[in-house]
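Residue numbers (this note's numbering), protein chains in the order written: chain A, 58 to 439; chain B, 2 to 125.
Check before you lean on any hint, since a few could be wrong.
In silico EDC-like cross-links for lysine to aspartate or glutamate, where the CA-CA straight-line distance does not exceed 20 Å [what the hints assert, rightly or not]: (1) B:Lys120 <-> A:Asp263; (2) A:Lys123 <-> B:Glu118; (3) A:Lys123 <-> A:Glu211; (4) A:Lys281 <-> A:Asp305; (5) A:Lys123 <-> B:Glu76; (6) B:Lys105 <-> A:Glu390; (7) A:Lys412 <-> A:Glu433; (8) A:Lys206 <-> A:Glu96; (9) A:Lys238 <-> A:Glu343; (10) B:Lys105 <-> A:Asp241; (11) A:Lys376 <-> A:Glu433; (12) A:Lys339 <-> A:Asp377; (13) A:Lys264 <-> B:Glu109; (14) A:Lys264 <-> B:Glu116; (15) A:Lys206 <-> A:Asp305; (16) A:Lys223 <-> A:Glu96; (17) A:Lys391 <-> A:Asp427; (18) A:Lys293 <-> A:Asp305; (19) A:Lys264 <-> A:Glu68; (20) A:Lys412 <-> A:Glu343; (21) A:Lys206 <-> A:Glu253; (22) A:Lys391 <-> A:Glu343; (23) A:Lys264 <-> B:Glu76; (24) A:Lys223 <-> A:Asp128.
Restraint-style ranges between C-beta atoms, simulated for each label pair [unchecked claim]: (25) B:Glu118 <-> A:Asp359: 53 to 61 Å; (26) A:Gly75 <-> B:Thr80: 51 to 59 Å; (27) A:Ser190 <-> B:Ile67: 51 to 59 Å; (28) A:Asp115 <-> B:Ser112: 31 to 39 Å; (29) A:Lys223 <-> B:Met2: 13 to 21 Å; (30) B:Glu20 <-> A:Gln228: 37 to 45 Å; (31) A:Ser432 <-> B:Phe63: 50 to 58 Å.
Calculated directly from the structure, the hints in this document are not laboratory data.
Ideal placement from N, C-alpha and C gives every residue a C-beta, glycine not left out.
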Amino acid sequence: MQAATMDPSEEPPSVLWGLDPVFSAFARLYVRDILQMTESTQVPGIYFYNSHPIYKVDALGTVVYKREREDFFCYGVDDGTGVINCLCWKSNLFREEEDDPGKFSALTTVMFHSVSLSETHAGGKHSDVSPGSFNPVTELKKLREAQQKNCRLEIGELLRVRGPVKTSRHQREIMASTYYKVDDPVMAVQIAWMMEIPQLYRQCYDKPPQLQHKAESDTSSLSKATNIIKDFLKQKSVSRFRPYDVQDLLQPLVSCQPQTTSADQEPEAGPSACQQLRQLLKEALELLQDEGIIYRKVKSQDEIYHVTAQDKDLLIAVKDIIREDSKREKYAEKGCHILHILSAVRQRHSLNVSKAALELVLRSLECNSDIVSTSEHHYTVF
Amino acid sequence: MLPAAAIFHFPWEINSVKEGGSVRTYGRLVCYQPEESRATLSAQHASKEHHVVVHTLFVEPFNPIIGAQYIVLGETENTEGIGVMVRARVLNCVDGVNIALLQKAINEQRSFFRERECKQGKPA
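Starting from the given sequences, assemble the full structure and let the hints guide the process.
Structure, rendered in structure tokens:
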């Protein structure tokens with residue numbers, strides 16, 4: 058089974074790769090998929106999983122093969138779906154001791170001297186280091202030992218490795234940019250990994266990348282609709298409107314949608330353009346209300362929407378509430394909580410002010426320094 | 002050369018793995034016979050006890066803790082008298098592991114692959 062065989066012509070152009078967030082992340086793919094993803098014909102070293110451009114990966118698995126060279130380790134990592142070679146360079150800290158013990162001790166001596174010098178300056182004490190105190194030589198040695206312990210793995214131990222994927226001599230391998238041994242005595246890390254990866258695939262890797270803007274789907278036409286209304290409200294500084302005031306703005310979104318009814322079918326088979334338009338408008342207005350951008354001051358037959366940011370009365374009401382209540386003993390120290398402000402606004406101004414709308418008002422008041430947030434969700438006036 | 006990937010199997014599935022297949026499985030160590038390099042892991046499933054015989058020559062010496070949970074990676078082979086045996090490449094003590102959660106994770110991974118193969122089967 059090939060995971061993603063792809064025509065070279067289907068390969069997305071390289072200028073678009075950066076638009077895919079997976080491209081700049083370490084993709085947590087199954088080893089099987091790392092081995093099977095197709096290499097790009099445009100740029101070697103870039104691979105495609107499900108049209109997602111990928112060049113670096115993140116893997117966790119049991120070491121089933123190891124080979125040590127002077128400069129690097131080669132570990133075969135098995136995650137239960139495949140085995141891949143990981144090229145793990147030894148760090149300088151690791152090699153210094155093996156190749157050049159003199160350099161290392163010279164370094165530590167310099168550090169040691171500088172520390173003991175500062176000690177004598179500070180306390181006027183002698184530089185003899187008692188067993189309990191901080192000794193840079195032993196600390197550095199400990200650090201190096203810990204580093205070595207994390208890098209030198211035996212067969213059967215668990216390795217976490219991140220880095221770009223390379224193909225050398227027709228074999229895929231991971232050039233580790235980071236790698237370390239994972240202590241997993243009760244398999245908690247492995248189990249968590251096994252539970253998480255399928256979710257990542259479902260939510261991310263198995264979804265086709267949105268490299269081009271495709272506005273055909275309903276959700277995107279809805280977001281377009283809300284954006285059109287938002288822009289309109291902002292440009293014209295609208296403070297109040299009725300649905301039919303903005304209905305025409307959405308007309309182009311509905312008419313440009315592909316006609317699904319064929320010539321033979323009666324027109325009443327699907328919803329008419331007019332109905333679609335009204336439905337879209339309704340959804341867009343609901344969305345804007347949920348976001349708090351608009352609200353209805355009075356729920357009546359006459360559908361009037363108030364634009365939160367332009368509603369001077371609401372702004373003044375909120376400011377007054379905070380100013381008055383901050384003087385009360387109960388709120389003097391911490392300021393008024395947002396829920397307190399909300400209930401007061403509902404009593405004083407309108408029952409239909411949503412929390413989202415209030416948050417919007419508070420944010421704009423805070424930007425103007427009319428109010429100050431004392432802590433999260435608490436506001437006061439100076 | 003790299004060995005084949007050791008795919009997770011439940012202990013009660015080891016008998017149906019074809020010979021030479023790479024597997025990884027788990028179980029409680031119930032018995033170890035060092036003179037024959039043979040360990041037996043046991044696990045319960047559907048009110049039945051299942052045994053996995055492990056050949057431990059490649060992982061010796063190891064510290065056998067009777068009653069502890071172990072994870073084994075290796076190849077299956079048929080031995081007369083015993084049946085299917087796993088020749089261990091890796092044998093790790095993982096005592097304290099949450100077996101129920103591990104089983105869930107294995108099933109989760111399997112259902113993901115099944116789902117994906119289904120999806121890929123359709124357009125092809």
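Do the hints match the structure? See the list:
no. : hint                              : result
1   : B:Lys120 <-> A:Asp263             : holds (11 Å)
2   : A:Lys123 <-> B:Glu118             : violated (32 Å)
3   : A:Lys123 <-> A:Glu211             : holds (7 Å)
4   : A:Lys281 <-> A:Asp305             : holds (14 Å)
5   : A:Lys123 <-> B:Glu76              : holds (18 Å)
6   : B:Lys105 <-> A:Glu390             : violated (51 Å)
7   : A:Lys412 <-> A:Glu433             : holds (15 Å)
8   : A:Lys206 <-> A:Glu96              : violated (35 Å)
9   : A:Lys238 <-> A:Glu343             : violated (52 Å)
10  : B:Lys105 <-> A:Asp241             : holds (18 Å)
11  : A:Lys376 <-> A:Glu433             : holds (18 Å)
12  : A:Lys339 <-> A:Asp377             : violated (33 Å)
13  : A:Lys264 <-> B:Glu109             : holds (19 Å)
14  : A:Lys264 <-> B:Glu116             : holds (14 Å)
15  : A:Lys206 <-> A:Asp305             : violated (69 Å)
16  : A:Lys223 <-> A:Glu96              : holds (10 Å)
17  : A:Lys391 <-> A:Asp427             : holds (17 Å)
18  : A:Lys293 <-> A:Asp305             : holds (15 Å)
19  : A:Lys264 <-> A:Glu68              : holds (16 Å)
20  : A:Lys412 <-> A:Glu343             : holds (15 Å)
21  : A:Lys206 <-> A:Glu253             : violated (27 Å)
22  : A:Lys391 <-> A:Glu343             : violated (34 Å)
23  : A:Lys264 <-> B:Glu76              : violated (36 Å)
24  : A:Lys223 <-> A:Asp128             : holds (18 Å)
25  : B:Glu118 <-> A:Asp359: 53 to 61 Å : holds (57 Å)
26  : A:Gly75 <-> B:Thr80: 51 to 59 Å   : holds (56 Å)
27  : A:Ser190 <-> B:Ile67: 51 to 59 Å  : violated (46 Å)
28  : A:Asp115 <-> B:Ser112: 31 to 39 Å : violated (23 Å)
29  : A:Lys223 <-> B:Met2: 13 to 21 Å   : holds (18 Å)
30  : B:Glu20 <-> A:Gln228: 37 to 45 Å  : violated (27 Å)
31  : A:Ser432 <-> B:Phe63: 50 to 58 Å  : holds (57 Å)
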